[in-house]
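Enquirer: So you can see what is in the structure, the chains are spelled out below.
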Amino acid sequence: MSDNTRDSETEGLEGKQASEGRSHGAEERRRVHDLWVAGTEEPDWVATATDEGAQEMLPRELDPGLAAQRGVTVVDDYGEATGLRDDELQILNMGPQHPATHGVLRLQLELDGETILRSKPIIGYLHTGMEKTAETLSYMQGGTNVTRMDYLSPFHNELCFSLAVEQLLDVDIPPRAQAIRILMTELNRVASHLIWLATFGLDIGALSMMLYGWRERESVLDFFEKVTGLRMNHNYIRPGGVAADLPDGWETDVEGILDVVRTGLGDYEAMLNENPIFVDRTQGVGIITPAEAQAYGVTGVNARATGLDYDVRKAFPYSGIEQYEFDVPVGQHGDTFDRYLLRMEEIRQSLRIAEQVIETMPPGDYRATDRKVTPPPRQRIDESMEALIHHFKIFTSGFDVPAGEVYQAVESPRGELGMYLVSKGGPKPWRLHVRAPSFATVQALPVMMSGQLIADVIATLASVDPVLGDVDR
Amino acid sequence: MAGEVDNPSFFLTTLQKGVNWTRTKSMWPATFGLACCAIEMMATGAAHNDMARFGMEVFRASPRQADLMIVAGRVSQKMAPVLRQVYDQMAEPKWVISMGACASTGGMFNNYALVQGVDQIVPVDVYVPGCPPGPQSLLHGILTLHQGIMSGEIQRSTGVV
Chain L
102 MSDNTRDSET EGLEGKQASE GRSHGAEERR RVHDLWVAGT EEPDWVATAT DEGAQEMLPR
162 ELDPGLAAQR GVTVVDDYGE ATGLRDDELQ ILNMGPQHPA THGVLRLQLE LDGETILRSK
222 PIIGYLHTGM EKTAETLSYM QGGTNVTRMD YLSPFHNELC FSLAVEQLLD VDIPPRAQAI
282 RILMTELNRV ASHLIWLATF GLDIGALSMM LYGWRERESV LDFFEKVTGL RMNHNYIRPG
342 GVAADLPDGW ETDVEGILDV VRTGLGDYEA MLNENPIFVD RTQGVGIITP AEAQAYGVTG
402 VNARATGLDY DVRKAFPYSG IEQYEFDVPV GQHGDTFDRY LLRMEEIRQS LRIAEQVIET
462 MPPGDYRATD RKVTPPPRQR IDESMEALIH HFKIFTSGFD VPAGEVYQAV ESPRGELGMY
522 LVSKGGPKPW RLHVRAPSFA TVQALPVMMS GQLIADVIAT LASVDPVLGD VDR
Chain S
1139 MAGEVDNPSF FLTTLQKGVN WTRTKSMWPA TFGLACCAIE MMATGAAHND MARFGMEVFR
1199 ASPRQADLMI VAGRVSQKMA PVLRQVYDQM AEPKWVISMG ACASTGGMFN NYALVQGVDQ
1259 IVPVDVYVPG CPPGPQSLLH GILTLHQGIM SGEIQRSTGV V
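In order, the protein sequences belong to chains L and S.
Plus 101 on top of the position in the first sequence (first one is 1) and you've got our numbering.
Plus 1138 on top of the position in the second sequence (first one is 1) and you've got our numbering.
One or more of the hints may lead you astray.
Here are the computed lysine-lysine pairs in the PhoX-like style, where the Cα-Cα straight-line distance is at most 25 Å [as the list claims (entries may be wrong)]:
(1) Lys1216/S <-> Lys233/L
(2) Lys221/L <-> Lys1216/S
(3) Lys525/L <-> Lys494/L
Far from chain S, some chain L residues (derived; all Cβ distances over 12 Å) [said to hold, decoys possible]:
(4) Leu253
(5) Gln268
(6) Ala307
(7) Asp323
(8) Asn374
(9) Gly398
(10) Glu426
(11) Met445
(12) Asp466
(13) Glu484
(14) Glu506
Just so you know, the hints here were simulated from the structure itself, not pulled from any lab data.
The beta carbon of each residue, even a glycine, is placed where N, CA and C say it ideally should be.
Required output: the full structure, derived from the provided sequences and hints.
Expert: Right, dumping it as structure tokens:
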């Protein structure tokens, strides 16, 4: 779009607007969505715009570092001048269709030879409008929506959503339901870390890890399928409890998983920990400091690998996780190898929690008995008119949630997964915002990658375990 | 294969059948994983389900070397041009499997962000239902495609929507 066209459109817009201030706002807004086509004359708004445009990297002197943007005191020097001329630099595009981007992430890399100077993650290729869809679904149906966000940890999404709704409803969840929730989410963490290990191995050349990781994960998925009926996207944890009780003999199944995964872990560590290729490709690669991690909002394993001791399960316990004994492993180097070690240890700790759940599983209901929130048992519908009415009401219009707003966080395998839920009363949320852990991690990628070689991009990207469904939603 | 003859040392077939047979026996998929379905697609390639049994374990990152595009997951409006470009870069003959509810119809996300069915962008040969379809479902879809190619029901794609 040429400048003339834009000006005339803006004028027309200003004419319609009564207030001067508002028309200025509209102009600002319009600017952000304009595309600047490379090779044409640079429009004057580029210098002042905060948006970099969709297809371009900003000129180096205009690239605002994080410190400038946020006023925080971390050193992020990835935008600093290098003394190189523009024609000595190369811009390389990676993705969105690329086997090692873990989905549809796109990276623009500014290279000096093989060294990365700046990088720019471009997201949105998997934007599904889930936060908007959440406003059209009742609280009862909401679980089907959120479970598809971070598709490697569906149970954590459901748990976070359910806990948020339950906070607004102020219902008590029976201990058995809470224990089932912990069991499923911790096993989900194991499955997610196993996938991470498989794809991470694949990306840096340890091809057999791909097969082993998936093999062990299948044992966890078989259990999920038995309990929930689905391998992924379960919609099993719902506001008020869980959808169904655990099947008979579940203890044996979980013990089987413990055995299989523990044996597997020993094998993986024997293969990787001392492997010179693996160690060379991971140690000292993709370093982020604790201060940077904090400034960029990085959480989970990626933050703990730097030495930050922050785990939502310990800091803000949910669903009765405080009654189980487990340790939170913390690294010190903040590099790829530390992230690998931490994930392996987290699998062990999650198995330890699962083991304790087997021993201490309380008897009782698997969902709250508040009939305004959870449907009545099937037999009651034949006997009681009231039960029939409750059932009909819940499955047609859903249940009403009192007005209010709440932030709820859980520790997903990728970090702090938070949901900010606003209700204005009625059976549907007014707004659902998701604080996605991968989103924060992806924005910190330029810090981790700057100054590294191009081959380390793959190792770094794979090691932070981004799930693009989580980033884009 | 066709035609029984009295003398068993003869082996008769039509050229087309031979060609179709070769096409089904080493059909290399392009890596086009998008969302949840991509995880199940990878699970199909992994040890338990092992697509190598059908000569398909080689997922090609370059569309030039791929015969089959498995659209695994939800296709956003932003991704749609990329998908079409990858399809255009694939060499003929090429086939498309639309994996899962989102790729086939938009699924549960009837909103501003998603393409409501990937068949609006590329011609689809086989739709695999499910959310996400398990590895068995995907294998069934792939074998259906193979059958269609063998019987001549699915002709060589023209690349025109």
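Enquirer: Could you work out which earlier hints the structure fails to respect and list their numbers in ascending sequence?
Expert: Those not satisfied are hints 4, 7.
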